[in-house]
Structures are given as C-alpha cells and as structure tokens.
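Enquirer: Listed below are the residues making up each chain.
2 protein chains.
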Amino acid sequence: MTDARFGLDRTATLGALALDGGGTLAAVEVAYETYGTLAPDASNAILICHALTGDQHVASTHPRTGKPGWWARMVGPGKPIDTDRWCVVASNVIGSCLGSSGPASGDPATGRPYAMAFPVITIRDMVRAQAMLLDHLGIGTLAAVVGGSMGGMQALSWAATFPDRVRACVTLASAARHSAQNIAFHEVGRQAIMADPNWANGNYYDGAAPTAGLAVARMAAHITYLSEAGLTAKFGRKLQARDTKTFGFDADFQVESYLRHQGLAFTDRFDANSYLYITRALDYFDLAEEHGGHLARAFAGSRTRFCLVSFDTDWLYPTSESRGIVHALNAAGAPASFVELKSPFGHDAFLLDSPELDRVMAGFLGAAA
Amino acid sequence: MTDARFGLDRTATLGALALDGGGTLAAVEVAYETYGTLAPDASNAILICHALTGDQHVASTHPRTGKPGWWARMVGPGKPIDTDRWCVVASNVIGSCLGSSGPASGDPATGRPYAMAFPVITIRDMVRAQAMLLDHLGIGTLAAVVGGSMGGMQALSWAATFPDRVRACVTLASAARHSAQNIAFHEVGRQAIMADPNWANGNYYDGAAPTAGLAVARMAAHITYLSEAGLTAKFGRKLQARDTKTFGFDADFQVESYLRHQGLAFTDRFDANSYLYITRALDYFDLAEEHGGHLARAFAGSRTRFCLVSFDTDWLYPTSESRGIVHALNAAGAPASFVELKSPFGHDAFLLDSPELDRVMAGFLGAAA
Chain G
2 MTDARFGLDR
12 TATLGALALD
22 GGGTLAAVEV
32 AYETYGTLAP
42 DASNAILICH
52 ALTGDQHVAS
62 THPRTGKPGW
72 WARMVGPGKP
82 IDTDRWCVVA
92 SNVIGSCLGS
102 SGPASGDPAT
112 GRPYAMAFPV
122 ITIRDMVRAQ
132 AMLLDHLGIG
142 TLAAVVGGSM
152 GGMQALSWAA
162 TFPDRVRACV
172 TLASAARHSA
182 QNIAFHEVGR
192 QAIMADPNWA
202 NGNYYDGAAP
212 TAGLAVARMA
222 AHITYLSEAG
232 LTAKFGRKLQ
242 ARDTKTFGFD
252 ADFQVESYLR
262 HQGLAFTDRF
272 DANSYLYITR
282 ALDYFDLAEE
292 HGGHLARAFA
302 GSRTRFCLVS
312 FDTDWLYPTS
322 ESRGIVHALN
332 AAGAPASFVE
342 LKSPFGHDAF
352 LLDSPELDRV
362 MAGFLGAAA
Chain A
2 MTDARFGLDR
12 TATLGALALD
22 GGGTLAAVEV
32 AYETYGTLAP
42 DASNAILICH
52 ALTGDQHVAS
62 THPRTGKPGW
72 WARMVGPGKP
82 IDTDRWCVVA
92 SNVIGSCLGS
102 SGPASGDPAT
112 GRPYAMAFPV
122 ITIRDMVRAQ
132 AMLLDHLGIG
142 TLAAVVGGSM
152 GGMQALSWAA
162 TFPDRVRACV
172 TLASAARHSA
182 QNIAFHEVGR
192 QAIMADPNWA
202 NGNYYDGAAP
212 TAGLAVARMA
222 AHITYLSEAG
232 LTAKFGRKLQ
242 ARDTKTFGFD
252 ADFQVESYLR
262 HQGLAFTDRF
272 DANSYLYITR
282 ALDYFDLAEE
292 HGGHLARAFA
302 GSRTRFCLVS
312 FDTDWLYPTS
322 ESRGIVHALN
332 AAGAPASFVE
342 LKSPFGHDAF
352 LLDSPELDRV
362 MAGFLGAAA
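Respectively, the protein sequence lines represent chains G and A. Residue numbers for the first sequence follow this note's numbering, so the first one is 2 and each next one is one higher. Residue numbers for the second sequence follow this note's numbering, so the first one is 2 and each next one is one higher.
Isolated chain G, as found in the complex (with noise of 0.2 angstroms):
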C-alpha cells in the first residue's frame, strides 16, 4: 500500500498562514517532493531547502526545462544524501512559480492571481510553510535541514525558529543576513523588470511576460554567482563563433552570448513577480535582527548540529559570512563545524561536482545516525 503523500510531484493544501508582515494566507499550497522512504518512527527526514530560482525538483526531471533536477549529482541512492538511507523532502518556497502559493496563484478575493495582491513574504515565512508541510507528511523532527544560497538561510531560520524540531543543520554559501551589496544587486533585478512595460504593475497573466526586464535581471545577478576568475578562466575575450571583432552590437565576446543565453533561459522558467516576492525576502532577511540585533541569541541554547561550508571564491556570500555565523553558533555554545573549500566557481559552486563538498557531506550526515 503507498502513501499517496510521499512521492514525486505532490501538491500539498494546507492551511492558513500567518504571516511576518501581518497578513495571512489563507490555504497555502507547497508543492513538493519526496525521494527514499520515510522510517516508521519518522527519524530519517531531510529537507532540502532551495536558493532563490530553485524548485523542488531536487533530483527529478524539471517540467518546464526537461533537465535534470538541480541538485541530482548530491541526492540520490548512494550519493551523498543517501536516498537508500535518508528521506528527502523538498518543497517550492512560497512565493515562487512551481506550484507553491505566490503572485501567479489565484487570490480567493477576486478567483484572478494574486500578482502584486500576493503578501510581502519572508524566509521565515517559507520556513513555516515547510514546517504545516512537514506536519502534513507526519515529520516531527527532521535528521537535517540542508540548503545553500537562499536554502542555507532557511536552514538556519530552520535552526533558529524551530530549534526542536532541526537535529542537523547544513548551509552553504550563505549569510544570515543580506548586505548592503547584496540589496544593491536585487534593486537592479527589480527595477529591470519593473521597468518592462510589459510588467504592467504585475498585471501581465493574461497578456506578454515582462520577459525582457526579468532577463536582464538575471544577467545582473548571474554575474554574481560566478566568480571573476572563472569567467575569465571560461571566457575571457574570446570571441564567439567569430575571427574578428564586428564593430558592432551583436554579442561578439562569448561572455556576452553566455549571458544573452542565461537571460533569456530564465523567462521560459520563472515568474518575474516571484523574483520581485523572492529577491524582497531575501533582502529582508536579517536573523540577528529578529533576535534583538544579537545573531548568538538566534541559537540559544540550541542542541542542534550545525555545518557550515563556503567557498573562497563566492563574493556573493564571502567567507566571512560563514564565519561570522560560526562565532554566533560558538557565542551560543551550539557545536559547529565549518569548512571553506576552494573552488573557481564563485558562488554557484555548491551547485557543481565537487568531491570535498560530498565528503563533508556524507560525513556530517553519517555522523547523525
């Protein structure tokens, strides 16, 4: 007998949602996956938390790209995250365009979606989403919160809301805040789209996508996971599928095209009011400051175990980032490892093949057995 709850491709309505900026979601949907199978005791959950444009489709086919998941080469049976061993979760933030509630979906009041009636959301408001969606699936206690990017401040926002329920905690390349830099970035991404005609106020479901501002968008922010070495490392000036430069407007440099492509890859994929909805959570996002301006407190008295791992070359989320976390977890007496790895690839380089990443890993996760 299976349990229609468990599986690939699920679609959970919960319940109302009260949210950090005061209003409430009525009956929020989290669309979602599982892969492995979960204990009878219910010990061996972990949630996989996603970054910014990511999905639930950790390791399945994406409906909208026909590529494999984004994080197939981390879980899976004998991978990392164990899929013979651990059951995964993982589900679409609100506010994002797989299936969780967000500017697209229909708003009650009116049976038309939402777009800018949609709420202002936080990453504690994802956070709690998951937590109505692990309560569905019968989860008390996750084995582990995982997540990098956007999906490592879940974790810690995991970590720091429901202390009980988070045994493990796993964040990668992120921050528990966003700087003043990284603000900058979005605003760019959001007036890019805001200033598409097409955008229409957010009005733009029945009619054209604001598709030219949300590439450029992307563009801006691209340029951000990557990391100055690697591009010059990938690109460098080197012409694309020419001899000589034209003296003119076409992408001549290969960066050039490469970002043309990025942008416009996108708008096939994502809705550019959830990148207004997620960019803005992502900018309010300041955990000490939801513990009266003191990061430690955020973890006080926790027994969770936390891991932190950046990468030398992110200039999106520094090093330093980790390691100002690691002195608030020390401050608050929470056991704590951290590691930066070397990598080229800037920030996106928890998202790629690294063989020291996989063994910090499995070897983080095993020891929670």
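None of these hints come from the bench; they were simulated from the model. Ideal Cβ positions, reconstructed from N, Cα and C, are used throughout, including at glycine. Wrong hints could be hidden among the right ones.
Result set (DSBU-like, lysine-lysine): computed pairs, CA atoms no more than 35 angstroms apart in a straight line [said to hold, decoys possible]:
no.	chain 1	residue 1	chain 2	residue 2
1	G	K343	A	K80
2	A	K68	G	K343
3	G	K239	A	K239
4	A	K343	G	K235
Ranges of calculated distance between the beta carbons of each label pair, as one might list FRET restraints [what the hints assert, rightly or not]:
no.	chain 1	residue 1	chain 2	residue 2	range
5	A	E290	G	G334	39 to 47 angstroms
6	G	M117	A	D354	42 to 50 angstroms
7	A	G294	G	L265	30 to 38 angstroms
8	G	A242	A	T38	48 to 56 angstroms
9	A	A266	G	E357	54 to 62 angstroms
10	A	E290	G	L353	29 to 37 angstroms
Given the coordinates of chain G, assemble chain A onto it according to the supplied hints.
Expert: Frame of chain G; chain A shown alone:
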C-alpha cells in the same frame, strides 16, 4: 590679445578621422576646455582624459547639472594639477554627448542624428581625435596625459600610439584590457537600454528617451564603482526615512533609494546611445592585442615616464591589473612608478578626496619640470 582656441566651453571642427573599425568620421567635432596658459613653447600642456560618463568640464560648472566639475578638487590654481603652472586640456571623447561627435550628432548623410548609424569607435579612436585637437591647439608634445578608469586607458593608449608626444603618463584605477567580468557588467547595461521600448533601435531623438533602461544600466554599473565595505559602511541595512519595513516594494533600504536616485539623475545628463557606444569601446579595449598579444611591445622603446595608481578596494579594475601594466613597462624598460593606495571607496576613490593621491600626482608632475 586672447586666443579664441583657449578657454572654457570650446568646440573645434577638425578633419576626417579614420577609425579602427574601418570607417571614417568626416568632420570630427571635439568639445573641450582649457585651464591655465600655454607656454610660448607649448611645453606645459597636460591632457586630462575622462571616464565613461565624464566630460570636458573637469573644473568648470557642468552645463546640465549645475554641479562643480568632476575633478575640481584636483585641477586649478595651487591644486595638485596646478593651472598656474600647467595648461590643462580636457576634451569630451568622441561617441559621448557633451558636444563631441557622437550618436546624437547630425549625420551629414541624412541631416538627422546618427543614432545607431554612428560608427563603433575604440579607445584609440578617441585618442586620435584628441591628437587632432592638440594639433589644432598647436601642442606638439604633452608634458603629461592623465586619466582615471577609462581615462587611464586613454592615457595608456596615448603613450602607445603617440610615444613621441607624451613625456609622462598618469593612469589611475585602470586596466590595459577589459576583463570578462567587466564586459559582462557592460552587457547587462546595454541589454537594459535595448530592452526599453523607447530605445526604438536608437531612433528616439524625436520622442521619449529610454530613460528607464538607462537608469537600470547606471544602477548596475554604479554598484561596481563602490566597494562592498564602502556600501556597508555608508548604508548597511539602514532603512530610508522609516522605522520599520513596509513589506512592500518601495525603497525601504537607504541603498535602494540611493541607487534609484543615481539611476534617475544620470538620465538627465547622458544619452543612452552614447552609453552603448562608449561601453563598447571599453569592452573592445585590449592594448596587448593591438601589439601582437604582448603588452610590453605597446611600450617598446618608450621614453615616457609612467605613474600608475590603484586602490585596494577597487574590484572593477583591481590592483592586479595595474601591476600587470607595471610588469609590462618594466619588461619594456620604461620608467614606471606604481603605488596602491588604501581607500574604503572602491573604484570611485580616484575621484574623491585623497591627500595621498594629491601628493603622488603633484610629486610626479613636479618631477616633470
């Protein structure tokens, strides 16, 4: 008796200019200013080259903004570039929009603005137009050519293209080529402009300008002019004229408000097409490539004295770029001095108050006596 060629707010119509891209500009117009008095033997001329969005108003009121010249703190009587001693020449680069030939200029072939029919130009083309201006002014050899950022590239190009006309070269916060990351940020800006429907393939001079796209381009670029630490020190996560977050999409954070203002203010003083052309010239710049891939060859046999200055928090043109130029100068046997200055202000540091920079500048130019 005054010589009408000298003074503020001048324009010269010069001859035809053959361009690196293969075309020719028929009658090049160059808008310029001079400060100080040219010696009878024309031996005391210093050419100042401006950055991407700079202009000839080095030390005079900007005609559109009403603000002081962009380097008024550096240039004037008794200042580090002392106009009691030097005759300073500053011209608007071709391709720009403050009076020199650019995409907004009239195309003799049609009588209407060139728009995108303006030829793509290079940094060396800008320098050749400046050389024609010096011919017009009766200045054979420069005591020095001085520039920061794109101005520094022009200064290097001057030394490489006209070695016998440059006794000294001062290059601040600059590079000998545009990196993949530099190109990537510019491509974001260009795509933001071109995504604005008002851009209309460049033919907007009779209608509304693509101000929204240009503002986004400026915002993205502006982040690269500041250091992460500088942004944190100046703005951090401080809110803008409010005590709590609004849970909306207004400019809650000061850094958002600041960036929006920078973007909008820029559109009052700059032409979007000029932004396309000048960023293209920057991306094409690779001084080594012009010399068989060997930067040292650009300076072979040079008797110019070089002074390079970088700033430790400049991540747009980091110190490693200046150091690479110094190595090439050393290999070429050219006299070169180099200093990395400390500043919290990132790339913009070369424009800001810096007693150390003032001392370096005055000392280096003084030794030119």
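Enquirer: Confirm or reject each hint.
Expert: Results of checking the hints against the structure:
The straight-line distance between the Cα atoms of K343/G and K80/A is roughly 47 angstroms, outside the 35 angstroms bound, and the hint therefore fails. Of the pairs offered as hints, the one joining K68/A and K343/G is violated, with about 47 angstroms between alpha carbons and a cut-off of 35 angstroms exceeded. Only pairs whose Cα atoms come within 35 angstroms are accepted, and K239/G paired with K239/A is rejected, the gap being roughly 41 angstroms. Restraint check for K343/A and K235/G: the C-alpha separation of about 31 angstroms stays at or below 35 angstroms, so the hint holds.
Distance hint for E290/A and G334/G: a CB-CB separation of about 58 angstroms, inconsistent with the stated range 39 to 47 angstroms. Look at M117/G against D354/A: about 43 angstroms separates their beta carbons, and that is inside 42 to 50 angstroms. Our hint of 30 to 38 angstroms for G294/A and L265/G holds, since their Cβ atoms are close to 33 angstroms apart. One distance hint, 48 to 56 angstroms for the beta-carbon pair A242/G and T38/A, holds here, with the actual separation near 54 angstroms.
At about 47 angstroms, the beta-carbon gap between A266/A and E357/G misses the expected band of 54 to 62 angstroms. A hinted range of 29 to 37 angstroms holds for the C-beta pair E290/A and L353/G, which are about 31 angstroms apart.
Hints 1, 2, 3, 5 and 9 from the earlier list are contradicted by this structure; the remaining hints agree with it.
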